[in-house]
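S.K.: Residue strings, one per chain:
There are 4 protein chains.
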Amino acid sequence: MDDTDLLESYRRFLADRVLPLETRFLAEGFAVVEPALAEVRAAAHEEGLWAPQLPRSLGGLGLPLAEFAEVARVLGRSPLGHYAVNCQAPDAGNLELLIDHGTDDQKRTYLEPLARGEIRSCFAMTEPGRAGSNPVWMDTRAVRDGDGWRIDGRKWFASSAEGAAFAVVVAVTDPEAERHRRATLFIVPTDTPGYRLERNLPVMGEAGSGWASHGEVVLEGCRVPAGTLLGGEGEGFRMAQERLGPGRIHHCMRWVGIAERALEALCRRASERELAPGTPLAERGVVKEWIADTAIELEAARGMVRRAAAAVDRLGSRGARVEISMIKVFTARVMLDALDRAIQVHGGLGVTDLAPDPLAWLWRHERAARIYDGPDEVHRQVVARAMLKRFGGTPGGSGA
Amino acid sequence: MDDTDLLESYRRFLADRVLPLETRFLAEGFAVVEPALAEVRAAAHEEGLWAPQLPRSLGGLGLPLAEFAEVARVLGRSPLGHYAVNCQAPDAGNLELLIDHGTDDQKRTYLEPLARGEIRSCFAMTEPGRAGSNPVWMDTRAVRDGDGWRIDGRKWFASSAEGAAFAVVVAVTDPEAERHRRATLFIVPTDTPGYRLERNLPVMGEAGSGWASHGEVVLEGCRVPAGTLLGGEGEGFRMAQERLGPGRIHHCMRWVGIAERALEALCRRASERELAPGTPLAERGVVKEWIADTAIELEAARGMVRRAAAAVDRLGSRGARVEISMIKVFTARVMLDALDRAIQVHGGLGVTDLAPDPLAWLWRHERAARIYDGPDEVHRQVVARAMLKRFGGTPGGSGA
Amino acid sequence: MDDTDLLESYRRFLADRVLPLETRFLAEGFAVVEPALAEVRAAAHEEGLWAPQLPRSLGGLGLPLAEFAEVARVLGRSPLGHYAVNCQAPDAGNLELLIDHGTDDQKRTYLEPLARGEIRSCFAMTEPGRAGSNPVWMDTRAVRDGDGWRIDGRKWFASSAEGAAFAVVVAVTDPEAERHRRATLFIVPTDTPGYRLERNLPVMGEAGSGWASHGEVVLEGCRVPAGTLLGGEGEGFRMAQERLGPGRIHHCMRWVGIAERALEALCRRASERELAPGTPLAERGVVKEWIADTAIELEAARGMVRRAAAAVDRLGSRGARVEISMIKVFTARVMLDALDRAIQVHGGLGVTDLAPDPLAWLWRHERAARIYDGPDEVHRQVVARAMLKRFGGTPGGSGA
Amino acid sequence: MDDTDLLESYRRFLADRVLPLETRFLAEGFAVVEPALAEVRAAAHEEGLWAPQLPRSLGGLGLPLAEFAEVARVLGRSPLGHYAVNCQAPDAGNLELLIDHGTDDQKRTYLEPLARGEIRSCFAMTEPGRAGSNPVWMDTRAVRDGDGWRIDGRKWFASSAEGAAFAVVVAVTDPEAERHRRATLFIVPTDTPGYRLERNLPVMGEAGSGWASHGEVVLEGCRVPAGTLLGGEGEGFRMAQERLGPGRIHHCMRWVGIAERALEALCRRASERELAPGTPLAERGVVKEWIADTAIELEAARGMVRRAAAAVDRLGSRGARVEISMIKVFTARVMLDALDRAIQVHGGLGVTDLAPDPLAWLWRHERAARIYDGPDEVHRQVVARAMLKRFGGTPGGSGA
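Protein chains in written order, with our numbering: chain A, 1 to 400; chain B, 1 to 400; chain C, 1 to 400; chain D, 1 to 400.
Hints in this document: simulated from the structure, not taken from any laboratory.
Incorrect hints may have been included.
Because identical chains share one entry, a pair is satisfied inside a single copy or across any pair of copies.
With a straight-line Cα cutoff of 25 Å, these simulated DMTMM-like cross-link-like pairs (lysine to aspartate or glutamate) come out [stated by the list, open to error]:
no. : residue 1 : residue 2
1   : 389       : 112
2   : 389       : 283
3   : 107       : 16
4   : 389       : 274
5   : 107       : 46
6   : 107       : 313
7   : 389       : 272
The structure presented is a predicted model; accordingly, all values stated were derived computationally and were not measured.
Chain A extracted, bound-state conformation:
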């Protein structure tokens, strides 16, 4: 099966199995469609579409990031697409962490069932009291307690905490260390005493449920054994960053898929909706401008994301961090603008949850794209610093 065939298979899978569940998901929530999605996931296994990003040894397709990017784009068209084949955040990131840093025991207990889609997980890093954009400043502490550790703290935006079998928790183990060496990761089973999902955050009017929710988690005297430490002590910040690199690419690919869907919805509505008998909206010059600008920006974003994915394959996510920061800023903006224009062309229908495509849902829930995994401002600083380093001292007319 060559690349084009594979993409075509994902397209058909999305159209035939995933999109039919969207309306109920949007209206009634994740918990309601979870059983139906379980069947879809089983079908993904059968059709050879399961976990495109995972190595074959774990039951996946083993695609390099540059190829996975295309799949992620196709699946990204629907809020349920990634989940349907087990490449969804936050599990995808946790899978990578476990692959790279898990002990044999951790792999057996957490990685394998996660890869098979039998359990879900979450990642608990951001804290309500501290700026998410400064990941080295956190209050959650883990202190040695006998053989193990005792963790105390409060986390939020732990996406998919509801129903997760375990959380990967970032906690400060050495507050006196150099600031990038203070934190450590722990695998905390959610049934550990002292771990508590306090609530699902009301995000844009919805607390959500299950995988489609964002939890606020409290750890109070939460005791975990030594074997739950993931990676090395003091490696938490570095590993979290390492995890975020490909995660951002996954998001960007997904956003390109969303923007593509928005562009299509924009074109379709412009063609079908009449302003007056026989005069479709598409005849208005300004509607054509929206279409053109969306198409142009999308073309730009698509190419940038591909190149960044190839750069990660080649250089690792640390080596490609400037490229990653670039696409994070650019793609989020392109997606949100595409959705905004698509809403506008739908008129009143656009702000309801009744449009043929979930434009309003995507627009309000993806607003966070400019915030999570580093706000635009932080990524722009990364880019600027790299450029200043590259060009700040060189002589005038030369250069790449």
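Take the given structure of chain A and dock chains B, C and D to it, following the hints.
M.R.: Then chains B, C and D, alone, in the frame of chain A:
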């Protein structure tokens, strides 16, 4: 009580009585806070703040539009502010229609209890099958039926239909007439057989309730007596436009209030949130740019809205329609950008419904500001045509 | 003669006397039209239009700033308008300095002939080696030398230096003082030995001539007597700032005039130019958007400038500095966007110097509007700091 | 010599030979540096860098468009770069026309000396009286006259007409034909009686000279023999479009080079210029935003241009017209924004012609990039129509 005192009274009223209800309204809906709001409304009566826009003969304060604009701005800070003193859409517009065009009987039956806040109403014009931006193209028909009329059709975005005592319905009475003379207004009590509120539209994830909802209304063989006809036959389009003029100003004033609140929230968060110990967000240059741009655009909008209100007082809403179109486009954009920046500076908190100010709620529900009462595109055309008429033929260097 | 009549007189004066000189000015430079302009200036005297901003005692009309704003807007339509009635920069600012701070002797020698338009002047503050946006950091030194002072330094962007009878020079007199108290102003006649106009700067491809030029000035051992010190020692920074306040308003008014001209040119071209036989450009939706956006932004700018002018009349330029910073940023942007759109609608003609209105000339020479008298960034900081001070600490829902 | 080596050679060639001539070119014009450029061109021959876009049989390097794109980007950094190796507009386009459509005689007489750089040429299509954006509407007529043709009409924006040995003139030969079949191309030697270069247009204040000028050309009873007809009768429109496709890519590549230079200038100035002792501009958050946004947009543009070049190699310029329209709009905007930001960070120096990089010159002369070879609006329409065709009818959730 001079102007400044009056505004100060409204400010205190808002802070003391209205804002405390916001959190419950946002989390649990209008129906839940309606009883508490009834008490607030009683207090508004007692404190001499009731219905600032209505004539004294109807129990209001009789403010001209230019003065009401300031009140509306103060109250606009909260989604509940206008409702609390009975100057909220859609009732405010219906009140004006009834004042200007109601028969004595209609005034006694509908205007007076509406002015006293004993009943609510809605306005049913937009149709799901037709572009709202072309108000002369609609399918709802009213045909003579004995002494009265029989109305058939489907309307949506009939805001506040749930709980309304009557609807003002726009229906085509003469499909063969010149296109601006086809429609007529009818007052349809909501208990009339054949009138049915089919559902509250799910807008941005919420169907809402009571005054804070947008209804889809079906009229099937709905018979109303002759006395329900409001204004003249064939006058429906003209009256609806006349109603929208001041309505748009009311919205713009409210949006300025929202933008002011967003700017304050932006400044407060920037001052209080630390990026690192001792370093507030406000020290970031880009945050200062957001603050400055918001403040500048808001200052521009505030002045424009004042001038447009004065123009309506002077020239009527038809005479000031270019000014009205200008502020509709400009103010909606300023408000949405202000909210967007305020959300961004709040980080993750900004997309939740937990922030001290309801930024995410306002941002998603006011997205419709660029659509309702004429989308941006239509208002820009009004402005452009006026400019082309004024300048398209005049010689070069001269002019106003 | 009431206000409207006065404006109408300025409009006619501009159309009849000033605009006819524009083409030659643009093609051949200021020096070539200077004799013709002298006749225009004589006519301004005769017609009672001379120096609207100056007090009657100095032969002007004594208009308050809010009224002068309207005149400045009308005259601003042409690059020669302000010069024609002696309210042009940099002389207007120097006139204010001399009125407020000049000794009797300085008034007789410099103020009176300047007010009569017999001589011209320049203002020498910015230095090539130092950021203009930090006016307290300069290298030009004045040291006591016998009874007088010896000044050494290099200045640039001394507008209108060519042909000026004297320069007002900002020089550091006490480098050890608190940084706002280091500088002092000196009136330096341009025939003083050691003062030298090194060249007219090539700005946007043109070195210009006479009043329409920007000089680089060298002071080498330039000795001036004690009586040339203007205002108090150490008062230079404060006086320069004081001078800039109204100066910025003058510029903003002028820019509004330019934007109005651009809007008219845009409408006219859109009406007249055919894309195909019988199809004017104005029928394109996007052209209408340009027209509408320009008109809306211009309406916003016009109102803001008026309010800022009234604020300066009421509070002084220091009291109104936030308003001034707001309009500086906003109006410059509105003007440049208006010109840019007008150029675009003119197609190839727009980038030539052959269009009926000097769009390309204004666009390239007014690009500096976002830089001179404080770049956008600095003014945005002023605005942001004021907002942070006002709102950074106040409680949530209240406020103006 | 592999690709990287070749690019490195061009970089060195540009730095060593071309950039040193820039200052004189900008200050004194093309004619003054033409002799020095002749030596540079000779060196290009010697160093194997001549005419990278031409086939080897004509003395070029025979690079496919995708490879030439990289060279064009490197050379595009300087206004003289393309000229230095004979890949400059308008000759590059005329060379292509002659290669594809020239008769043996035309090739011998015009193509070969042009390829060798012994003569120059121009292209005369746009007319002052007709919208350049509608290339099928023109007034210039060619009528049969004996064996040959008599041409009458007026053209402008015939770039490089001064000094050209021949002009390729577009003239209507059959006004009654279908509108895309009316025009024909003619090779008109500039010494033909009846052909007259009336003037160099004053563009952004400069009439320019030689290759760096834009001519207005008059043809009055200009008789040319039959052998001057280039391609087929009635093929003029199609051939002109065919010529423009790769021409637009050439421009876009060049613009990317300009934007790269602007970004470098921006970074360098930000690093070097101090706002206060020890505080470079680069420490300002807003300057970092400018740098980041420029870098991001440039990265997007660079990739898009490469893909479009590859598409032209693969599909021809007609097959890749949507891609070409996309990059035309996007790249012009990116370049102009990059220049604008670079100017802003240079402060007063930025608007002079004294900055280390010719920012102000590029900014004002490349403003035309949004106009020539089709204004933004026309290209957006091309893109929008393609999208509407692709998506306007397809069902919702599927698609590419």
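S.K.: Could you check the structure against the hints above and give me the numbers of any it violates, in ascending order?
M.R.: 1, 3
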